[in-house]
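Student: Okay, here's what each chain looks like letter by letter:
Number of protein chains: 2
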Amino acid sequence: MTRTPVVDERPQTETAGKLEPLFAPHVIAVVGASRTPGSVGNAIISNLVLGGYTGVIYPVNPKTKSILGNRCVTSVEAIDDHVDLAVLVIPAPHVQGVVQACADRGTKHFVVISAGFKEIGGEGVQREANLKALAQERGLTIVGPNCLGIINTAPTVRMNATFARDMPVAGPFGLISQSGALCTALLDYAKGVGIGFSRFVSFGNKAAVTETDLLLALAADPLTKAILMYVEELSHGQQFIETCQRITHGPNPKPIIAIKTGRTQEGAAAAASHTGSLAGSDEVYDAVLAQAGVLRVESVKDLFDCAEVFVDPALPHGRRTAIVTNAGGPGIMATDACIRSEMTLSKFQEYTLKSLRYQLPPTSSLKNPVDVIGDAKHDRYRAALDAVSADEGVDQLVVIVTPQTMTDVTEIADVIRETKGFCGKPIVGCLMGLVDVSAGVQLLRKSGVPTYAFPEDAMRAVAAKCRFAEWTRRPLLGYRQFPVDAARVEAIFDEELKAGRTALVELKALEVFRAYGFPIVPYALATSAIEAAQAAAQIGFPVVMKISGPKIVHKTDVGGVRLNLTDEAGVRTAYDEMIAGVRGKMGADTEIWGVLVQKMLPRGKEVILGMSRDPRMGPLLMFGLGGIYTEALKDVAFRLAPIRENEALEMIMGIRSHKLLRGFRGEAPSDLEAIGDCLLRLSQLVSSHPRIRELDINPLLVYAAGQGCMVADARVILGDR
Amino acid sequence: MTRTPVVDERPQTETAGKLEPLFAPHVIAVVGASRTPGSVGNAIISNLVLGGYTGVIYPVNPKTKSILGNRCVTSVEAIDDHVDLAVLVIPAPHVQGVVQACADRGTKHFVVISAGFKEIGGEGVQREANLKALAQERGLTIVGPNCLGIINTAPTVRMNATFARDMPVAGPFGLISQSGALCTALLDYAKGVGIGFSRFVSFGNKAAVTETDLLLALAADPLTKAILMYVEELSHGQQFIETCQRITHGPNPKPIIAIKTGRTQEGAAAAASHTGSLAGSDEVYDAVLAQAGVLRVESVKDLFDCAEVFVDPALPHGRRTAIVTNAGGPGIMATDACIRSEMTLSKFQEYTLKSLRYQLPPTSSLKNPVDVIGDAKHDRYRAALDAVSADEGVDQLVVIVTPQTMTDVTEIADVIRETKGFCGKPIVGCLMGLVDVSAGVQLLRKSGVPTYAFPEDAMRAVAAKCRFAEWTRRPLLGYRQFPVDAARVEAIFDEELKAGRTALVELKALEVFRAYGFPIVPYALATSAIEAAQAAAQIGFPVVMKISGPKIVHKTDVGGVRLNLTDEAGVRTAYDEMIAGVRGKMGADTEIWGVLVQKMLPRGKEVILGMSRDPRMGPLLMFGLGGIYTEALKDVAFRLAPIRENEALEMIMGIRSHKLLRGFRGEAPSDLEAIGDCLLRLSQLVSSHPRIRELDINPLLVYAAGQGCMVADARVILGDR
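Protein sequences appear in the order of chains A and B.
Adding 3 to a residue's 1-based position in the first sequence gives its number in my numbering.
Adding 3 to a residue's 1-based position in the second sequence gives its number in my numbering.
Rather than coming from a laboratory, the hints here were simulated on the basis of the structure.
Since this is a predicted model, take the numbers as computed values, not measurements.
Be careful, since some hints might not be right.
Note: identical chains are not told apart, hence a pair may lie in one copy or across any two.
Taking lysine-lysine pairs in the DSSO-like style, the calculated list, with each CA pair at most 30 Å apart, reads [stated by the list, open to error]:
hint	residue 1	residue 2
1	K121	K357
2	K121	K370
3	K121	K558
4	K350	K380
5	K21	K228
6	K608	K662
7	K350	K637
8	K637	K558
9	K304	K194
10	K449	K304
11	K588	K501
12	K558	K608
13	K304	K370
14	K111	K121
15	K608	K637
16	K558	K662
17	K558	K511
18	K350	K121
19	K194	K449
20	K637	K662
21	K380	K66
22	K608	K121
23	K602	K558
24	K121	K380
25	K228	K304
26	K588	K554
Please construct the entire structure, taking both the sequences and the accompanying hints into account.
Tutor: Set out below in structure tokens:
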């Protein structure tokens with residue numbers, strides 16, 4: 004397989020740049036500003052003013068002279084200035100007119116707080132469609148409608164254009180959220196824990212600004228070290244994936260951590276293929292987010308825990324982790340969590356052990372985890388950290404401190420901070436507890452050392468950072484294009500659809516795959532017993548014979564399949580018997596194209612390849628082992644097509660039972676490269692022909708490495724979904 | 004299958020009673036008490052005095068007149084009082100003598116804080132053995148050595164006999180921990196979050212008081228609503244299981260929530276069977292804890308989250324959950340978590356929907372989750388909770404509150420509290436955030452309503468309570484005893500071991516299983532070609548023939564297996580050929596017992612049953628599907644023998660691929676009852692014969708329901724581990 008070159012796909016800065024005035028406007032108009040305390044229109048002005056916004060605010064309200072000292076204007080037309088951003092807090096029916104009026108006066112950016120659009124159904128749907136059309140027509144950026152607003156804590160801007168209760172403190176995290184109410188809870192939680200944000204966007208109904216646009220804007224912001232996301236549904240699967248892949252690669256990769264709720268059930272409805280019936284689950288999103296390089300977490304706690312580790316931008320070189328602790332139990336908890344997260348415990352070099360032996364008391368445990376014993380003070384931690392951090396077999400450190408009687412927590416925190424300063428490796432503090440350790444936690448937070456209360460949380464975050472580091476080093480290969488006969492495929496589809504058939508019979512399906520260069524079992528269509536015998540002789544015995552006709556889908560049920568025919572006489576007899584038998588069962592006037600004569604294949608491992616087109620996400624490729632286990636255990640891997648060249652093998656290795664393809668129990672390993680080649684061809688096929696709604700190659704027979712694979716049976720379903 | 008009667012196994016109150024003076028002593032002697040601030044001997048006295056201990060304290064220190072106003076005594080002999088509890092904080096070498104002296108004067112209960120025992124190896128091991136022997140001889144209760152101490156917050160006792168930094172507040176949780184340092188961290192965290200404890204034991208090396216004793220003591224304490232446990236290794240598997248089963252059943256079941264760290268690798272070392280090689284993983288502990296009815300959690304956060312839900316002792320009647328929320332996003336998060344935890348969303352009755360429709364604004368979402376919309380105040384929550392809590396399809400409620408601009412969090416909390424008062428169903432609050440919601444959180448905590456910051460945490464805890472409720476309703480069936488020929492089995496073992504054989508050949512293994520009433524494929528041992536033909540005729544054709552001899556383990560490799568013999572002539576020829584062939588390969592003097600003639604079995608589903616004796620835990624039963632998948636995916640279920648009558652089916656349903664036995668894709672369901680019968684017989688076999696080290700029945704062929712199963716091949720390994 005010739006590899007296509009690595010692609011340089013840095014974030015498209017033009018898109019990001021386009022959104023920049025949204026986050027750093029010099030002039031803001033708040034349409035619907037209000038004097039009434041407790042109202043949303045008042046909260047916005049109050050947050051802007053009290054948050055210390057550095058630009059000019061124009062409250063728009065014809066009935067009031069001033070709000071919080073800011074002189075009101077009667078309408079947007081009355082503003083004698085260029086408005087960079089208009090924030091709308093007015094009843095939904097008036098939004099369209101005001102946006103239009105602002106746009107006429109040159110405003111390009113909008114935050115529509117107002118609810119009453121798509122989310123209420125009915126007239127709201129049309130209202131939102133109109134707004135979206137206006138945005139497209141005039142090239143406007145509209146956050147919302149139905150959102151909490153946006154925040155930028157950068158000292159040059161300090162804009163809190165939301166109706167949240169408070170301005171969050173400045174910090175390294177950018178957050179975008181589809182749920183406004185969740186934002187209020189997140190902000191409140193973050194306030195309590197002391198977590199800060201760079202930028203914050205509640206994007207609501209995303210009428211004219213999508214999560215992809217916002218991701219690019221956060222990626223371009225130098226104050227944002229990690230991007231946090233809450234999303235209920237993704238709009239454009241492939242665009243989302245490519246954007247995230249770009250953000251998480253290149254010279255300055257940024258992690259994206261996401262909570263994705265809601266399950267895709269639409270995909271599963273009325274599925275006509277194995278792939279379709281397996282594609283309706285939440286695992287699809289797991290796969291798509293993994294493909295995008297997004298770290299998926301299941302809860303808000305995990306979201307912040309995972310983000311915390313990126314406070315320190317240093318990425319580890321590998322998974323080898325050293326643990327230093329002053330207590331055995333937490334050391335075991337960390338070790339368990341380490342193994343559970345598929346990390347490895349560093350094995351120390353002899354010089355490290357020697358240094359530890361020399362400096363620690365004899366009852367200490369020197370091998371990883373290093374136990375400096377309960378009475379350790381900061382000097383003993385320093386000795387241990389100096390030795391361990393210098394070990395070439397250590398990629399990162401986790402330092403556990405339990406607040407025992409003798410423990411000088413704050414001094415130990417200071418030693419951790421110093422170690423981080425010189426060792427150049429990621430180091431994470433685990434200061435166990437809440438009250439007695441709080442001064443130490445504060446010190447580490449200020450020093451940019453990620454800190455956790457418990458070893459499992461620390462180790463899970465460390466593992467997430469490792470996976471991210473590995474991901475950033477993974478090359479972004481291109482999409483391989485095979486020379487294929489796409490026109491032939493389109494012609495088959497035209498012909499079949501014209502005849503009113505959306506489920507392709509085997510003969511036609513095999514032709515499609517042949518046009519895309521899949522290895523197909525040799526076959527011929529015979530229209531007489533003599534032709535069948537000739538075809539069999541040419542193909543080589545033994546052969547399989549299958550009836551072929553436009554309406555004959557369940558061939559076996561009508562006696563339309565014969566296996567293991569070993570000579571010409573047998574083939575001739577079989578031909579006549581099959582034709583007679585099928586007509587007997589299905590009626591004398593059944594249209595029969597003939598009999599498919601196929602080489603009887605040697606036994607190989609059976610795998611299944613498939614595609615199901617998700618109405619929202621796009622074409623989902625599936626891979627799994629064949630047979631009853633795959634279905635019972637749902638052990639399959641998904642990717643959204645097109646897939647990059649290195650993703651085919653990753654898909655194969657993504658099933659739990661991949662061991663069975665790699666030479667389990669002394670068997671020869673299977674030809675994974677041949678399967679990968681088929682997956683890439685499949686990716687090209689479904690990307691090039693949107694009329695394919697679902698398909699299965701079931702089974703693809705795979706032989707030992709170097710001996711290839713063969714499409715033995717396939718089905719293709721056409722149609723628009 | 005006749006069911007054995009349900010067993011009434013309430014906690015053995017005599018054992019619990021025996022430990023009671025440990026938790027409620029009237030007189031405590033602290034041996035090694037000290038005036039030096041920061042020392043452990045000082046911390047104990049200080050904690051007792053400042054914690055408000057209600058009894059008499061005797062500090063024992065010959066060099067000091069008083070500590071914190073308490074007059075010191077020079078030695079335990081000098082105490083003119085009956086000492087209920089002696090706390091020892093003296094160098095390890097002196098512990099034995101002091102315990103002896105106290106015991107001589109009638110003291111029965113001890114807490115040995117001192118380290119320097121088993122955990123340091125060397126002389127410490129002997130020191131601990133001596134202490135243990137003394138305890139057994141004199142009937143003493145000794146917590147520790149090498150521990151933090153014990154706490155009882157009951158107002159009548161108020162004893163803090165630890166060197167932790169603070170006395171925890173009184174509360175509903177009893178905690179026992181093998182790690183003292185972890186305790187300090189747990190106490191500190193609990194202090195910060197406001198979690199209280201009833202009793203608290205750091206049990207250290209558990210020389211003479213085990214986790215089982217302590218569990219019984221906590222179970223008997225009326226102030227303890229839930230038992231929390233941190234344990235690194237379990238000492239007596241079956242005893243632990245039975246104790247936990249008793250505590251979690253009966254009229255007043257108490258939940259036990261555990262963190263279990265450390266993995267059992269010993270079990271896997273040098274395994275000679277499939278079962279043995281699969282039994283070395285952490286999944287074994289998952290199974291054993293599940294068998295015990297213990298809720299296993301993976302982190303300290305989860306431990307407290309899970310415990311919190313039991314603040315309210317009301318158990319739900321089912322899994323049907325109603326969600327009430329003022330925000331869509333968190334409602335979706337809760338729904339996702341609900342499905343992920345295998346709970347169900349309530350479907351409301353028509354009268355509930357009617358009531359909701361009448362009382363809530365038109366934009367509200369009425370079906371579960373009920374969305375009362377962001378501007379809801381407590382009156383709207385009251386309307387929703389009144390309607391939903393009365394619905395007969397609702398087993399429990401989760402109430403989500405996000406702190407939006409209009410939200411009166413504390414008033415809503417009060418409505419939740421009131422609803423709990425009258426509805427009689429479990430209700431859980433999810434007050435999202437940390438700061439703005441804190442007054443509401445405090446109110447709910449005081450009212451005994453479990454409260455969480457995020458929906459996933461709330462739902463996970465609700466699910467844990469449901470699983471616990473189901474567990475408590477599950478009858479504790481007895482251990483079924485089949486009529487078996489145990490003497491025959493012992494005789495076979497004697498004979499084989501005498502001959503120096505620990506791996507039983509198939510013939511002997513089958514005899515063992517026959518003696519225990521397993522369905523065995525009909526077989527006979529023939530010692531001549533004519534006998535073989537006669538045996539075959541009697542058994543019925545077709546037959547299988549297998550060579551049998553004391554040293555012939557790998558029969559196939561020496562040409563010692565013939566399949567599908569259909570007539571007497573064939574059997575005679577095969578006999579002679581096999582004997583000659585085996586002698587040719589293995590030597591002319593190879594001892595051959597003859598040839599095993601077996602009925603050739605019809606094809607059935609293959610399953611594997613096995614046992615591996617864990618040196619610490621006891622005999623571990625295993626069940627899995629046969630074949631390559633089981634091993635590649637490690638899809639097997641474990642239980643510690645003996646198993647109760649209802650556990651056999653639970654084991655079968657415990658594998659991920661159990662669907663394949665239940666009539667997947669139109670197949671006939673397999674005979675699960677027959678497999679269950681074999682598992683119960685296996686349980687009896689391995690419990691009655693401790694000389695069995697490992698065994699596999701592989702495969703057990705299973706036929707359609709009602710048609711039974713058959714042992715087709717088996718191996719048994721003898722030996723002490």
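Student: Now tell me, hint by hint, if it's right for this structure.
Tutor: We went through each hint and held it up to the structure:
Taking the shortest Cα distances, K121 and K357 sit within 30 Å of each other only across copies (25 Å), while inside one copy they are farther apart (68 Å). Taking identical chains as interchangeable, the C-alpha atoms of K121 and K370 lie at most 30 Å apart only when they sit on different chains, with a minimum of 19 Å there against 60 Å within one chain. For a Cα distance limit of 30 Å, the shortest separation of K121 from K558 qualifies neither inside one copy, at 48 Å, nor across copies, at 73 Å. For the homomeric pair K350 and K380, the shortest alpha-carbon distance inside one copy (25 Å) is at most 30 Å, but the shortest distance between copies (58 Å) is not.
In the homo-oligomer, the alpha carbons of K21 and K228 lie at most 30 Å apart inside one protomer (21 Å), although the nearest pairing across protomers, at 59 Å, exceeds that limit. In this assembly of identical chains, K608 and K662 lie within 30 Å of each other by CA distance both inside one copy and across copies; the values are 13 Å within and 23 Å between. Proximity of K350 to K637 under the C-alpha cut-off of 30 Å is restricted to the inter-copy arrangement: shortest distance 28 Å between copies versus 37 Å within a copy. When the C-alpha separation of K637 and K558 is checked against a cutoff of 30 Å, the pair qualifies only within one copy, where the shortest distance is 27 Å, while the shortest distance between copies is 37 Å.
For a Cα distance limit of 30 Å, the shortest separation of K304 from K194 qualifies both inside one copy, at 14 Å, and across copies, at 20 Å. In the homo-oligomer, the alpha carbons of K449 and K304 lie at most 30 Å apart both inside one protomer (21 Å) and across protomers (24 Å), since each shortest distance falls under that limit. Taking the shortest Cα distances, K588 and K501 sit within 30 Å of each other inside one copy (27 Å), while across copies they are farther apart (69 Å). For the homomeric pair K558 and K608, the shortest alpha-carbon distances inside one copy (23 Å) and between copies (28 Å) are both at most 30 Å.
Only between protomers do K304 and K370 lie at most 30 Å apart by alpha-carbon distance; the minimum there is 28 Å, versus 32 Å within a single protomer. For the homomeric pair K111 and K121, the shortest alpha-carbon distance inside one copy (22 Å) is at most 30 Å, but the shortest distance between copies (74 Å) is not. Taking the shortest Cα distances, K608 and K637 sit within 30 Å of each other both inside one copy (18 Å) and across copies (20 Å). In this assembly of identical chains, K558 and K662 lie within 30 Å of each other by CA distance solely across copies; the values are 28 Å between and 34 Å within a copy.
In this assembly of identical chains, the alpha carbons of K558 and K511 lie at most 30 Å apart only when taken from the same copy (15 Å versus 50 Å across copies). Proximity of K350 and K121 under a CA criterion of 30 Å is satisfied inter-copy only: 26 Å between copies versus 58 Å inside one chain copy. Proximity of K194 and K449 under a CA criterion of 30 Å is satisfied in both settings, with 16 Å inside one chain copy and 24 Å between copies. For a Cα distance limit of 30 Å, the shortest separation of K637 from K662 qualifies both inside one copy, at 16 Å, and across copies, at 12 Å.
For the identical chains of this complex, K380 and K66 are inter-copy neighbours only, at 28 Å across copies versus 67 Å inside a copy, given an alpha-carbon limit of 30 Å. Taking identical chains as interchangeable, the C-alpha atoms of K608 and K121 are never at most 30 Å apart, the minima being 50 Å within one chain and 54 Å between chains. Proximity of K602 to K558 under the C-alpha cut-off of 30 Å is restricted to the intra-copy arrangement: shortest distance 17 Å within a copy versus 37 Å between copies. Proximity of K121 and K380 under a CA criterion of 30 Å is satisfied inter-copy only: 24 Å between copies versus 60 Å inside one chain copy.
Proximity of K228 and K304 under a CA criterion of 30 Å is satisfied in both settings, with 18 Å inside one chain copy and 27 Å between copies. Proximity of K588 to K554 under the C-alpha cut-off of 30 Å is restricted to the intra-copy arrangement: shortest distance 13 Å within a copy versus 60 Å between copies.
In terms of the numbered hints stated before, the structure departs from hints 3, 22, listed from lowest to highest.
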